[in-house]
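From first to last, the protein sequence lines stand for chains A and B. Note that the first sequence covers residues 101 to 638 in this note's numbering. Note that the second sequence covers residues 604 to 913 in this note's numbering.
In case anyone wonders, no lab produced these hints; they're calculated from the structure. Hints may be right or wrong, so weigh each one.
[Stated by the list, open to error] Partial list, derived from the structure: chain A residues whose beta carbon lies under 10 angstroms from chain B:
id	residue
1	Arg429
2	Ala432
3	Arg461
4	Ile466
5	Ser474
6	Gly482
7	Ala484
8	Glu487
[As the list claims (entries may be wrong)] Which bits of chain B does chain A cover? Going by a derived footprint, with three or more residues having C-beta under 8 angstroms, they are:
id	segment
9	802-812
10	815-823
[Said to hold, decoys possible] Label pairs and their calculated CB-CB ranges:
id	chain 1	residue 1	chain 2	residue 2	range
11	B	Val727	A	Asp403	42 to 48 angstroms
12	A	Val207	B	Ser649	53 to 59 angstroms
13	A	Ala119	B	Val727	30 to 36 angstroms
As the structure is a computational prediction, the values presented were derived from the model and not from experiment. Don't be surprised by glycine CBs; every beta carbon is placed ideally from N, CA and C.
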Amino acid sequence: MSKPVLTVGALTVRLPAGADRVHAVENVSLRLNAGEVLCLVGESGSGKSIIAQTIMGLLPKNLRASGGHILLGDEDLLQVSDERLRALRGEKMAMIFQEPMTALNPVMRCGAQIDELLAQHTSMSSVQRRGRVLEMLAHVRLPDPQRMYRAYPHQLSGGQRQRIMIAMALILKPTLLIADEPTTALDVTTQAEILALMRDLQRENGTAVLFITHDFGVVAEIADRVSVLRLGELVESGSAEDVLRNPRHPYTQMLLAAVPPLTPKKAPVADDAPDVMRTRRLRKVLSSGGWFTTRRHVIASDDVEVHVKRGETLGVVGESGSGKSTLARMLAQLIEPSAGDIEVDGQVVTRLRGAQAHAFRRKVQIVFQDPYRSLNPRRTVGAAIAEGPINFGASRREAWRRAEGLMKLVRLSSDALHRYPHEFSGGQRQRICIARALAVEPEILIADEAVSALDVSVQAQILELLDDIQQRLRLTIVFITHDLRVAAQICNRVVVMQHGRVVEQGPVAQVYQSPREAYTRALIDAAPGRSFLFGVAK
Amino acid sequence: MDTPLIDLDTVAPVRVRTSTWRRLERNWSVRIGAAVLALLAIVAVSAPWLGTIDPILIDPVNRDLLPGTTAEVMTLTGESFKHTFWLGSDSFGRDIYSRVLYGARISLLVGITVAILSLAIGLVIGLSAGYVRVLDSVVMRIMDGLMAIPGILLAIALVAMWGASLLTVIVAITIPDIPRVVRLTRSLVLSIREEPYVEAARALGTPLVKLLYRHVLPNTVAPLIVQGTYICASAILVEAILSFLGVGLPTDVPTWGNIMAEGRLQFQQYPHNVLFPGIFLTLTVLAVNMLGDGLRDTLDPRFSKRGDRP
Numbered sequence: 101m102s103k104p105v106l107t108v109g110a111l112t113v114r115l116p117a118g119a120d121r122v123h124a125v126e127n128v129s130l131r132l133n134a135g136e137v138l139c140l141v142g143e144s145g146s147g148k149s150i151i152a153q154t155i156m157g158l159l160p161k162n163l164r165a166s167g168g169h170i171l172l173g174d175e176d177l178l179q180v181s182d183e184r185l186r187a188l189r190g191e192k193m194a195m196i197f198q199e200p201m202t203a204l205n206p207v208m209r210c211g212a213q214i215d216e217l218l219a220q221h222t223s224m225s226s227v228q229r230r231g232r233v234l235e236m237l238a239h240v241r242l243p244d245p246q247r248m249y250r251a252y253p254h255q256l257s258g259g260q261r262q263r264i265m266i267a268m269a270l271i272l273k274p275t276l277l278i279a280d281e282p283t284t285a286l287d288v289t290t291q292a293e294i295l296a297l298m299r300d301l302q303r304e305n306g307t308a309v310l311f312i313t314h315d316f317g318v319v320a321e322i323a324d325r326v327s328v329l330r331l332g333e334l335v336e337s338g339s340a341e342d343v344l345r346n347p348r349h350p351y352t353q354m355l356l357a358a359v360p361p362l363t364p365k366k367a368p369v370a371d372d373a374p375d376v377m378r379t380r381r382l383r384k385v386l387s388s389g390g391w392f393t394t395r396r397h398v399i400a401s402d403d404v405e406v407h408v409k410r411g412e413t414l415g416v417v418g419e420s421g422s423g424k425s426t427l428a429r430m431l432a433q434l435i436e437p438s439a440g441d442i443e444v445d446g447q448v449v450t451r452l453r454g455a456q457a458h459a460f461r462r463k464v465q466i467v468f469q470d471p472y473r474s475l476n477p478r479r480t481v482g483a484a485i486a487e488g489p490i491n492f493g494a495s496r497r498e499a500w501r502r503a504e505g506l507m508k509l510v511r512l513s514s515d516a517l518h519r520y521p522h523e524f525s526g527g528q529r530q531r532i533c534i535a536r537a538l539a540v541e542p543e544i545l546i547a548d549e550a551v552s553a554l555d556v557s558v559q560a561q562i563l564e565l566l567d568d569i570q571q572r573l574r575l576t577i578v579f580i581t582h583d584l585r586v587a588a589q590i591c592n593r594v595v596v597m598q599h600g601r602v603v604e605q606g607p608v609a610q611v612y613q614s615p616r617e618a619y620t621r622a623l624i625d626a627a628p629g630r631s632f633l634f635g636v637a638k
Numbered sequence: 604m605d606t607p608l609i610d611l612d613t614v615a616p617v618r619v620r621t622s623t624w625r626r627l628e629r630n631w632s633v634r635i636g637a638a639v640l641a642l643l644a645i646v647a648v649s650a651p652w653l654g655t656i657d658p659i660l661i662d663p664v665n666r667d668l669l670p671g672t673t674a675e676v677m678t679l680t681g682e683s684f685k686h687t688f689w690l691g692s693d694s695f696g697r698d699i700y701s702r703v704l705y706g707a708r709i710s711l712l713v714g715i716t717v718a719i720l721s722l723a724i725g726l727v728i729g730l731s732a733g734y735v736r737v738l739d740s741v742v743m744r745i746m747d748g749l750m751a752i753p754g755i756l757l758a759i760a761l762v763a764m765w766g767a768s769l770l771t772v773i774v775a776i777t778i779p780d781i782p783r784v785v786r787l788t789r790s791l792v793l794s795i796r797e798e799p800y801v802e803a804a805r806a807l808g809t810p811l812v813k814l815l816y817r818h819v820l821p822n823t824v825a826p827l828i829v830q831g832t833y834i835c836a837s838a839i840l841v842e843a844i845l846s847f848l849g850v851g852l853p854t855d856v857p858t859w860g861n862i863m864a865e866g867r868l869q870f871q872q873y874p875h876n877v878l879f880p881g882i883f884l885t886l887t888v889l890a891v892n893m894l895g896d897g898l899r900d901t902l903d904p905r906f907s908k909r910g911d912r913p
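Please take these sequences and the hints and turn them into a complete structure.
Rendered as structure tokens:
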């Protein structure tokens, strides 16, 4: 058997004092052969990014590798000099990151950034370099390479920027490519394209790829072998088929059980159930520019008509820029539509003012995406939850009593009311946000990507909690998400949006299994690992 | 209620975060700056008991004494006593040591009052400009206009208009500093306004004033405190400059600026007139700036606001 490209042996990285555990990474061993894709999977805090940074020599100053070795070919990367590491980066090993916008220099043209790499590591003339760069840009399937060469990063889309990053990483034909969540920030259709590109390029050059991700769908698409990390320790390793279909370690089994399948779970609610909310030709135009600059108009919502029945969960799915967040905010009366109407319980609520608008606020509440920014860091959890009822006339004591009851409902202990948000984990904070929204006893709860920022196991808990609450309180939920699996898990009906318009809507089983529109079909086809049944042996 | 399907979640602290106070205590810039300022404040307050005499007592017999000389001082009532002129005397025979210590009172008072006033006024204006879109352009253009006028010239003009007294000097120094605070507050408010927790508070029906006071204001405090220290340092300097130019407080109230002004002509022969108030001024401004730097490093919202991110 040929020698492995990368051998990590018993790698241990210590964390500074005061952290929640002693080692970021403990006793981790990996082996990566040429032409192979090894997926490193784990939840947040598992240490996967730390391993990638240690290999590249990019660890922050307060972290050091305290044990083990990392062999790239024959050299131990933990022992070589800084100069040698610099020489190795780009030529022998390369890395692509999650956020292409921050990984590219915003004031340099894209072509110039790739050119810089060639200038440093090769002795090609500038004409030769330019030719090579243009060749590479065409190779990563960018349209119009000449224009891409001259473009600045902010002029490109996320997918295009990621392709530039891939071009930069692969132009010197390194033997090892480390990809740290490269598609997490991309839309699902773009993600599918980038994954296909990476697979093709990798096969062509025989590059070994260490692919870090938390998304099992992506793992199913691209991995040859899989290693599972938990809190800095390797719990399971093996071929993709083995680990994904026949996991042995209970942690891996738990993770795979938490991945929602793409098959829809729920049937639609009875047809004669009343509509609790409907929109009529809802339109939102965002204009930028002031007195002296040209005005630019973006149509965020275009003639959107949706309706929600009482007691059902309506999913709104779409990619970024589809207008789903704008719709969510209009429904929650946080922004005003430019045209059109929203009806709640038969009453038009769109352009209410003052006391009437205030009264209607109770009916619709919203839970946001980022649990780390949804709570005021300077107020206690109890104050946050009690704020709503107090605004609507409850006394402080009543409000706090209600807060205690709600904490129990979301399965947190009520003596946590006096704590501050930073003392809670992401999943717990999201539960607090749900409790806060429920405190004013709304009829409709809008969840705007409420589980997107959470680990898959925590996500499963929150979805299950929402289901439970919906049944107890007879709540109507509008669930905004880009993740088709999550929508399949929790929604009765689904609305598909693109570029501010409603493309298709209907019962979720029907939309998923027999989509009418081409876009819907493309969206479902692009979902990674869709034909894979996790945890089920063939 | 029925038994929950999952056990109640224990709320263990996810990461123990050092409290803000402790981090402040540990920062060396904060320690040194605060210590020097505290010392100065104590000295200024207890000036009468630190071996000083009346700072405006003129005694031409004792003029231009070198630092460390002991001499007889005659008061207005005819008594006389021995006194050591630690920092020498000026051309009127007044004790520089006493004048400098009493001058510290003025400098600290002016610095702190200007800082507090400009922060308070700038905060209110900045909050309204940042949150109410309609007010934004109007207010900011006014502030731009105000900033276009050089601060010291504006202060001189205002004092000339209103006459020289402690109050007018304070107000005259405050006004040019307000636009800076307004700008800072407004930019903070613009970013805080977009935070999800502010949107959530709006969705919960929180009225505007409560929103600003409860959610926006507390998160602007840290950067504003840092700005306040810089304003304090600048105010102390501006007051000294105004006094030096003769357009600040009248000379019967000793301030570091006018002590230096009066000693200016004799600087070659008797440098102690200018040197000692100058040293005090330098040390004070340095201490305030150090404190500000230390506070900024500790209280910078990037490090203190966000909770633990995985």
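Where does the structure disagree with the numbered hints, that is, which hint numbers, in rising order? Per hint list: 6 and 13 violated.
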